[in-house]
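K.L.:
Here are the chains, one letter per residue:
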Amino acid sequence: MINKVEFEKLKILNITKKTLIEIKNLSYSVNDNIILENINFIAKEGCYLGIIGPNGAGKTTLLRLILGIIKPTKGEIFIYGQKPEEYLKNEPIGYLPQRISQTIYEFPITVEELVKSGIPRIKKDYKDYIEWALDVFHISNLRKKSLRELSGGQRQKAFLAKAIVSRPKILILDEPTTGIDPNSRDDLLEILEILNRDFNISILIVTHDIATFAHEARCILCLNKRVVCLGEPQKILKDEYMKMLYPEHTVFPHRHV
Amino acid sequence: MFDIFELNIIKRAFIVLTLIAPLAPVFGVFLLLRRYAFFADTLAHVGFLALALSLFFKMNSLAVLILLSIVVSVSVEKLRSQGRLPAEGSLSFFLYAGVALSVVFITFSENTGSIMNILFGSLSTVTKGDVYLILAGALFCISFLAKFYKNLINLCIDEEIAHASGINTEQLKILFAITVALSISISIKTMGALLIGSLMIIPPLSAMQICRSLKSTLIISIAFSMISAYGGIFLSFYSGIPLGASISTILIGFFIMAYLIRIFRAKFIF
Numbered sequence: 000m001i002n003k004v005e006f007e008k009l010k011i012l013n014i015t016k017k018t019l020i021e022i023k024n025l026s027y028s029v030n031d032n033i034i035l036e037n038i039n040f041i042a043k044e045g046c047y048l049g050i051i052g053p054n055g056a057g058k059t060t061l062l063r064l065i066l067g068i069i070k071p072t073k074g075e076i077f078i079y080g081q082k083p084e085e086y087l088k089n090e091p092i093g094y095l096p097q098r099i100s101q102t103i104y105e106f107p108i109t110v111e112e113l114v115k116s117g118i119p120r121i122k123k124d125y126k127d128y129i130e131w132a133l134d135v136f137h138i139s140n141l142r143k144k145s146l147r148e149l150s151g152g153q154r155q156k157a158f159l160a161k162a163i164v165s166r167p168k169i170l171i172l173d174e175p176t177t178g179i180d181p182n183s184r185d186d187l188l189e190i191l192e193i194l195n196r197d198f199n200i201s202i203l204i205v206t207h208d209i210a211t212f213a214h215e216a217r218c219i220l221c222l223n224k225r226v227v228c229l230g231e232p233q234k235i236l237k238d239e240y241m242k243m244l245y246p247e248h249t250v251f252p253h254r255h256v
Numbered sequence: 000m001f002d003i004f005e006l007n008i009i010k011r012a013f014i015v016l017t018l019i020a021p022l023a024p025v026f027g028v029f030l031l032l033r034r035y036a037f038f039a040d041t042l043a044h045v046g047f048l049a050l051a052l053s054l055f056f057k058m059n060s061l062a063v064l065i066l067l068s069i070v071v072s073v074s075v076e077k078l079r080s081q082g083r084l085p086a087e088g089s090l091s092f093f094l095y096a097g098v099a100l101s102v103v104f105i106t107f108s109e110n111t112g113s114i115m116n117i118l119f120g121s122l123s124t125v126t127k128g129d130v131y132l133i134l135a136g137a138l139f140c141i142s143f144l145a146k147f148y149k150n151l152i153n154l155c156i157d158e159e160i161a162h163a164s165g166i167n168t169e170q171l172k173i174l175f176a177i178t179v180a181l182s183i184s185i186s187i188k189t190m191g192a193l194l195i196g197s198l199m200i201i202p203p204l205s206a207m208q209i210c211r212s213l214k215s216t217l218i219i220s221i222a223f224s225m226i227s228a229y230g231g232i233f234l235s236f237y238s239g240i241p242l243g244a245s246i247s248t249i250l251i252g253f254f255i256m257a258y259l260i261r262i263f264r265a266k267f268i269f
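Protein chains in written order, with numbering that gives the first Met the number 0: chain A, 0 to 256; chain B, 0 to 269.
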């Protein structure tokens, strides 16, 4: 199988950009159960990296390691040259986990309050930040609505607005398109593209929805406990292993036709 | 008719409730958001143990109460964080341990006349010395809330998102546990071990019925709590019902009212 790819080959995007995330010999296991093994890669500033792989491949674990929520068993992670906990002391990372506790949906909290909570370090012009985040996700009209009155897609957008309101340099999303209809999904992907292109927010996105991300992501990392392959979507999706994981007919649907 | 405010015990009850009535529901909101409403109950039962211990060893009950509650709350939070016990499991364990051991100590104590006061609160149990300790505790709680309010909201919404935004969640959880323990300790003598949870949980539950935003929920909860607390003093004084029970009865009235308003609004307005 794969993982003969050498470290140098794993450099993403062009080398003139700053290194955003560097992962060296990363392994993570729980009670001798190996979740991730010897992961090496570099992601550059401004990247739009799609992370794919089968269930149990360690995708969410990789995100949680990058965020410093869990500590690696072996190896190191650097964000702009700093360890995650050091980086987070000065800079936030926008994050949308796979599941959010249901309790918050039973509680009276407005979209505006939720988004405002995304600015923990108080800034002078915080109102402009909130306006911007609400505008980006087209939910300004929902600002006074309580979360419990919203649909799944609208809640997702509210949480995304919270994730970006402090204008983080990095946005990490764990299966953000799960459970929302195709139109909302397309809408969401378009916004992510704008955030990446126009606001220079680097995006790491875990998904099962490879068909969609074949278009948006400029780089794909396929995980299955190890790095199976990494590179531009068009090249990666031709990889034999990828074909086995995702049969070709699901790989290139023409979403924008 | 004489003025009840001439009585020192009433003055003290007013001062103490003015300090704790606005604080308790704010903590209640955060406990409800964290699905941790029983935290208040567990700590209250541990408080019962602390009062039983001080009865047995004839010590300053409030100091024992504060120390024991803090130790237990930090232990519950640690066990929960490490995933060694399910959250409800560790809460139940300390609740039953608190009650069982209290009964053991009370059985062997000489003066058991104040059990009703311990369980259901009283106008007269707060001593002059207690007032200063309660004031210091309340000031600590207020400064904690003022400093960490936003971080607490983030912690309650989602721990991992809070972590990603740069909040030291482990430290905040422990600080929160300590402050909740403190707020319960300073309230337990007036509200009673069995009913302190009601002052924390019922006002936000009532406010949730009629409010749309977190801000209004907090404001309305504090209003419900303060009106019930002051009303409770009069009810207790004139009827002889223990203070905690009087306050809780008024709180229940507010909950029913808020619930009916919600039903009425849903049927006839929206």
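Among the clues, some could well be false.
As the list claims (entries may be wrong) - Partial selection, computed: residues in chain A whose CB lies under 7 Å from chain B:
id	residue
1	L87
2	I92
3	P107
Note that these hints are calculated values from the structure, not bench results. All values reported here derive from a predicted model rather than from experimental measurement. The beta carbon of each residue, even a glycine, is placed where N, CA and C say it ideally should be.
K.L.:
If a hint holds in the structure, say so; if it doesn't, say that too.
P.N.:
Quick rundown of the hints versus the structure:
1. L87: Holds, because the Cβ-Cβ distance from L87 (chain A) to chain B comes to roughly 5 Å (cut-off 7 Å).
2. I92: 5 Å, holds
3. P107: 5 Å, holds
Of the hints listed earlier, there is not a single one the structure fails to meet.
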